[in-house]
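Student: Using the sequences provided together with the hints, build the complete structure.
For the protein sequence lines, the chains are A and B, in the order given.
Quick note on my numbering: the first sequence kicks off at 1 and runs consecutively.
Quick note on my numbering: the second sequence kicks off at 1 and runs consecutively.
Since the hints were made in silico from the structure, they are not lab data.
Quantities reported herein were computed from a predicted structural model and do not represent experimental measurements.
A hint or two may mislead.
Some chain A residues close to chain B (C-beta under 7 Å, calculated; not the full set) [stated by the list, open to error]:
id : residue
1  : R45
2  : R112
3  : T121
Per the computed footprint, the stretches of chain A lying under chain B, defined by three or more beta-carbons under 8 Å from a beta-carbon of chain B, are [as the list claims (entries may be wrong)]:
id : region
4  : 126-140
5  : 342-353
Even glycine gets a Cβ: it sits at the ideal position worked out from N, Cα and C.
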Amino acid sequence: MLEKAFTGSKSYFLWVAILLILIGMGFQFYLRQLALGLGITGMSRDVSWGLYIGQFTYLVGVAASAVMLVLPYYLHNYKVFGKITILGEFLAVAAVIMCITFVTVDLGQPSRVFNVMLYPTPNSILFWDIMVLSGYLFLNILIGWTVLGVEKRGAPPPKWIKPFIYLSIPWAISIHTVTAFLFAGLPGRGFWLTAIMAPRFLGSAFAAGPALLILICLFLRKYTKFDAGLEAIRALAKIVTYAMVASVFFVLCELFTVYYSQIPDHMYHFDYLFTGLHGHTGLVPLWWLCVALAVLSLVILIPPNTRNNPTTLAIGCAAVFFSLWMEKGIMLVVTGYIPSPLETITEYHPTIPEMGITLGVWALGFFILTILYKVALSVREQEIGEASH
Amino acid sequence: MSTRRRFLQIAGLSVLGLGVKPACDAMAAEPKVSAGPEALVGKRWAMVVDQKKCIKEEEGCKKCVDACHLTHNVPNIGNAKDDVKWIWQTTLEHAFPDSQNPVLEGYIKDSLKNRPLIVLCNHCDNPPCVRVCPVQATFRRPDGIVMMDYHRCIGCRFCMAACPYGARSLNWRDPRPFIKTETMNLEYPTRTRGVVEKCTFCFERLSKGLKPACVEACKEKCLIFGDLEDPKSEVSEILRKNPSIQRKPHLGTRPQVYYIL
Numbered sequence: 001m002l003e004k005a006f007t008g009s010k011s012y013f014l015w016v017a018i019l020l021i022l023i024g025m026g027f028q029f030y031l032r033q034l035a036l037g038l039g040i041t042g043m044s045r046d047v048s049w050g051l052y053i054g055q056f057t058y059l060v061g062v063a064a065s066a067v068m069l070v071l072p073y074y075l076h077n078y079k080v081f082g083k084i085t086i087l088g089e090f091l092a093v094a095a096v097i098m099c100i101t102f103v104t105v106d107l108g109q110p111s112r113v114f115n116v117m118l119y120p121t122p123n124s125i126l127f128w129d130i131m132v133l134s135g136y137l138f139l140n141i142l143i144g145w146t147v148l149g150v151e152k153r154g155a156p157p158p159k160w161i162k163p164f165i166y167l168s169i170p171w172a173i174s175i176h177t178v179t180a181f182l183f184a185g186l187p188g189r190g191f192w193l194t195a196i197m198a199p200r201f202l203g204s205a206f207a208a209g210p211a212l213l214i215l216i217c218l219f220l221r222k223y224t225k226f227d228a229g230l231e232a233i234r235a236l237a238k239i240v241t242y243a244m245v246a247s248v249f250f251v252l253c254e255l256f257t258v259y260y261s262q263i264p265d266h267m268y269h270f271d272y273l274f275t276g277l278h279g280h281t282g283l284v285p286l287w288w289l290c291v292a293l294a295v296l297s298l299v300i301l302i303p304p305n306t307r308n309n310p311t312t313l314a315i316g317c318a319a320v321f322f323s324l325w326m327e328k329g330i331m332l333v334v335t336g337y338i339p340s341p342l343e344t345i346t347e348y349h350p351t352i353p354e355m356g357i358t359l360g361v362w363a364l365g366f367f368i369l370t371i372l373y374k375v376a377l378s379v380r381e382q383e384i385g386e387a388s389h
Numbered sequence: 001m002s003t004r005r006r007f008l009q010i011a012g013l014s015v016l017g018l019g020v021k022p023a024c025d026a027m028a029a030e031p032k033v034s035a036g037p038e039a040l041v042g043k044r045w046a047m048v049v050d051q052k053k054c055i056k057e058e059e060g061c062k063k064c065v066d067a068c069h070l071t072h073n074v075p076n077i078g079n080a081k082d083d084v085k086w087i088w089q090t091t092l093e094h095a096f097p098d099s100q101n102p103v104l105e106g107y108i109k110d111s112l113k114n115r116p117l118i119v120l121c122n123h124c125d126n127p128p129c130v131r132v133c134p135v136q137a138t139f140r141r142p143d144g145i146v147m148m149d150y151h152r153c154i155g156c157r158f159c160m161a162a163c164p165y166g167a168r169s170l171n172w173r174d175p176r177p178f179i180k181t182e183t184m185n186l187e188y189p190t191r192t193r194g195v196v197e198k199c200t201f202c203f204e205r206l207s208k209g210l211k212p213a214c215v216e217a218c219k220e221k222c223l224i225f226g227d228l229e230d231p232k233s234e235v236s237e238i239l240r241k242n243p244s245i246q247r248k249p250h251l252g253t254r255p256q257v258y259y260i261l
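Tutor: Encoded structure:
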């Protein structure tokens with residue numbers, strides 16, 4: 001089936017070429033990081049995780065969101081999602097590969113990554129995160145590729161794949177829950193030490209992932225022969241809306257606990273986001289932009305007429321995607337380190353090599369996504385072609 | 001069909017792998033540093049920082065820091081971002097940031113104001129860094145020393161996120177150019193970039209019957225090291241006679257560096 005990725009329009013090849021150039025550039029920067037060490041990033045003794053782990057955290061959510069298509073389609077037999085379920089699964093594949101790549105580029109000693117397999121450590125959440133991520137990648141490749149393979153021949157999905165599909169539903173929840181536990185179980189990091197971390201992660205995941213999928217579907221509708229159908233897009237939009245409302249609500253719950261309890265260790269981090277701390281205001285503009293985009297997205301998504309209009313829906317989904325990207329992809333990780341355990345403030349500024357590597361990994365993800373979608377959509381087009389004969 | 005066969009192949013190989021692992025473990029014998037007959041042996045190593053004595057010290061003294069960093073070839077990078085620190089000076093409000101304690105806020109604080117206070121790894125009884133390490137590169141010895149295996153560490157920095165005392169450093173860049181050749185201690189290894197390091201209570205000196213380098217360097221005896229489980233040890237005696245505090249005891253890490261203020 002992969003051969004279908006080698007045929008396409010000029011703009012398709014141009015897009016692939018741009019992605020390959022970005023991947024190459026990211027790789028060049030990564031070679032420099034390998035030679036010089038993580039010192040070329042903006043991370044420091046005080047802020048020891050940055051952009052890489054942030055992107056990982058955000059993209060785990062995007063990966064988990066595939067369940068929002070798989071669950072209604074397979075569990076509730078919601079036929080409308082039939083055409084796009086595979087897009088969700090392939091989005092999960094691309095997102096998990098990005099996650100694994102981001103974790104790998106974040107390692108100080110990437111050559112030793114297999115130590116994790118050599119010395120399995122069940123008391124480390126990172127061990128479980130690797131287990132659930134690789135399991136989820138395996139499940140989505142297996143399910144997506146099998147379903148597409150039989151579809152190509154016009155046959156229904158084989159029976160043996162069903163248990164894997166059902167397994168993928170709780171598994172999707174697990175990847176984001178375990179990733180939240182990476183942060184939520186640490187003493188002395190007041191910003192992360194909260195039981196609502198995992199629900200918050202799931203809430204934002206089920207908003208950000210489907211929002212990206214809607215944007216992709218709207219794009220494909222306009223520029224290719226593939227049409228997910230307005231009904232499917234509108235159903236997805238409802239999911240994004242509910243998830244975004246839940247996500248904002250969870251953050252408000254957090255703010256209540258932190259500010260009503262008045263425990264300084266927990267307040268300082270939020271103070272840093274809202275107003276800055278001791279004159280350090282590095283993330284204040286980003287935080288307010290994130291809040292503004294979240295509010296804007298709800299204003300657009302809650303009223304049915306703006307939610308159902310493709311143009312305003314696209315704006316709403318973009319607002320969701322970027323708002324949550326700022327929240328999970330940058331602020332959640334960095335703010336946990338500010339102030340430090342000794343209550344000193346070291347701000348974090350990603351460097352150009354760091355941003356180059358980050359962009360390269362995103363390009364890698366979009367490259368994988370493009371190839372997988374090209375194959376999936378070519379199979380669909382072929383079906384439509386055969387049906388009309 | 002080919003997908004299913006491929007899956008079975010991979011599944012079979014994975015199961016094989018599970019069987020091979022214990023066999024590899026058995027063959028990979030762990031290198032043991034044999035302690036000499038004169039080695040200091042303890043059941044629960046601990047340190048006391050007697051800040052009252054440190055106050056008597058002349059201004060700008062950092063003999064303990066220098067001794068430790070020279071002994072262990074800790075690089076002097078010279079910028080806060082990439083710094084590697086095993087033991088360092090901070091102030092009371094940074095060492096005990098959460099202590100809105102009248103004792104600290106009151107007369108003791110006045111006498112300590114702006115005086116340097118020594119902080120280092122607390123060698124916790126319940127160390128979060130050990131709990132989170134995905135490769136067991138940091139582990140707790142039976143005598144309580146929280147150890148680092150530089151050769152196993154993958155540089156994920158989860159331990160740095162988990163440590164509530166900021167006691168861990170990553171080698172953000174190659175440390176070797178930042179160690180002066182003339183003062184390098186050839187008996188202790190240097191590190192590579194990308195691994196985490198921290199204070200190890202001088203386990204290598206204990207095995208030779210020597211006290212930690214910082215303790216030895218402090219002629220004023222502000223730093224006292226010994227076995228907490230031995231009631232006759234210097235640390236046990238001084239802790240019996242003086243009220244002491246620990247850093248962030250409410251976190252349940254049970255730190256084993258005690259401060260007398």
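Student: Kindly indicate which numbered hints from before are broken by the structure, ordering the numbers from low to high.
Tutor: none
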